[in-house]
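My request is simple: use the sequences and hints to build the entire structure.
Line by line, the protein sequences give chains A and B. Counting from 1, one number per residue, gives the positions in the first sequence under the working numbering. Counting from 1, one number per residue, gives the positions in the second sequence under the working numbering.
Heads up, some of the hints might be wrong.
No farther apart than 25 Å at their CA atoms in a straight line, the calculated lysine to any residue pairs in the SDA-like style are these [what the hints assert, rightly or not]:
| hint | chain 1 | residue 1 | chain 2 | residue 2 |
| --- | --- | --- | --- | --- |
| 1 | B | K83 | A | I202 |
| 2 | A | K63 | A | E188 |
| 3 | B | K226 | B | N11 |
| 4 | B | K134 | A | R199 |
| 5 | B | K226 | B | V190 |
| 6 | B | K19 | A | Q129 |
| 7 | B | K134 | A | E188 |
Hints listed in this document are in silico derivations from the structure and should not be mistaken for laboratory results.
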Amino acid sequence: MTTSVTLPVQPPVRYAGFWAGAWRRFRRNFLAMYGIIFVSIIVIVAIFAPILAPYGPLEVDVKHTLEAPSLIHLMGTDAVGRDLLSRIMFGARPMLLVGVITQVIAMLIGVPLGIIAGYAGGIFNYVVQRLVDFFSALPWYLLVLFLIMILTPSLTNLIIALTITSWVYPCRVSRGLTLSVREMDYAEAARALGIPTWRILINHILPQTAPLLLWSFAVGIPTLVFAEAGMSFLGLGIRPPDPSWGQMLGTAGQFWQFFPHMFLFPSLMIILSILAFQGLADGLRTAIDVNVNI
Amino acid sequence: MENRPLLEVNNLEVAFFTKDGVVRAVNGISYAVEEGDILGVVGESGCGKSVSMMSMLRLLPEPPARIMGGQALLNGRDLLRMKSAEINRVRGAEIAIVFQDPMTSLNPVMTIGDQIAESMQVNLGLSHHQAIQKTIQLLERVGIPKPADRVKDYPHQFSGGMRQRVMIAIAISCQPKLLIADEPSTALDVTIQAQIVDLVKQLQKELDMAVIWITHDLGVIARLAKRVNVMYAGYIVEMGPIISVFKRPAHPYTIGLLGSLPGKQVATDQDLIYIEGAPPDMIRLPKGCPFELRCPYRSDVCSDEHPPLASVGKDHQAACWNL
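Right, here's the structure in full:
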């Protein structure tokens, strides 16, 4: 009795590539998807604020001051009759500028320092490490406050002060990775082929650190968004009358018992965008970490 | 021609300064490699085979390693006294290394083509496009099918044997005069090993380069090399032409090594023969012969004084008091 069993032909499993796998993992993460959608909306609103906003951010409507949300002013108005929706739209600009530009500059400083320190070791490594220790030991919020006091409050100075404190993290991450990659056999093999050090750093070390650096880029942004809001709240960031969420909160403080809408919308925006950036960063981490396969 | 060998190593001494003490990894070894020669270096793990090669190219991290003395003359130029820019020009261009483990010696995030091309771009000053063209020829030469398609592949898309062929392609890309093969066949299975050995032998003939082949495997040495250095505890204990050393081994360690090759014991179900004991602690090397404690022929003089290399045949030397 012989029955021939034909097995179903399995299609060969194709490796779709690193980024396809990362996107698949990212898509399944609810918070990450919320993050990327919310962040995209904010970026679009910030870029096209002059077109999208119903009023100018500084436009005063003297007949409608301290008004609750209505059809004319969807989020209400403040004490001098400025449209809160428009101010929130324009307020996304300093938030993104501080979050992204600071992080870009911080990476441009921190990553080369970390990679060179990790690869070269010796006295350079020692000096960079002590600097990292110094900035990690001090509470960064106090340091930023102090720096802005010296530099006078403005958007540029806020970015400068935050950069000075936030290069530390990318530096530590890239140094740690470099320490392990430089001991790899292929780094040794590259040295044995007479590949110059700068080429080893750029071609062999940097690509290995790239996924983690992408994550550390994203994970630094919520802190910076929070820092911008906080500093502006204290009057040390964006100066009135220019709009910023933190600064709007600061002005709303005096009216909050009577006009909670002035308080509600900016704080909601701050919370939602910090959550979005955090979700995006966490989603990126799980998506690009090849050791986590979900 | 005979007046100056391609590589001449004199009294090379390398030590590692560790917390526990000074590890004397290489203790004054001298040998020469003629142009187009194939030299086998055998010895057990930790006997200084790799360290002596790496120290020549100054690839050991200093500290903890330190070259204590000696010379390594490549065409009369001392590698050990070169500036770091000079030695960097020798690496890859004049002396190339094939490493032991092909699975980890290739960068996983760089294409094969870019990795082979990189060496030529650096050492020969080729443009990326020219280098890739040459890379395709090289891949063909080391026996990788469809080379034009495979230059864009990543290391994980190659098998172990294929990767070792890629490593060899990288090593020969700049036509070095000396190829150091650091146990290149150890991580591969036996059939692939034979292919790699034959490939290197063939390339050695075609390119007329000298090869130093480091291995544990006496069979590979017998198949490939013209001369052999037997190392033990950082010393060369026996060196000479391959036939002479294998037919008339003079040092007890070489005799033990050759005797421990599995032969008819396998068929007759007898125990394998092995050398008893373990190599000495490299931090506290004995004053006399390092093999003394494991040697069946030891006498008093062995523990008092280190034996010098003495001639035991034509071109054949061994370091033993009982010759």
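We went through each hint and held it up to the structure:
no. : hint               : result
1   : B:K83 with A:I202  : 23 Å, holds
2   : A:K63 with A:E188  : 74 Å, violated
3   : B:K226 with B:N11  : 22 Å, holds
4   : B:K134 with A:R199 : 20 Å, holds
5   : B:K226 with B:V190 : 22 Å, holds
6   : B:K19 with A:Q129  : 24 Å, holds
7   : B:K134 with A:E188 : 24 Å, holds
Hint 2 alone, counting from the list given before, is not met by this structure.
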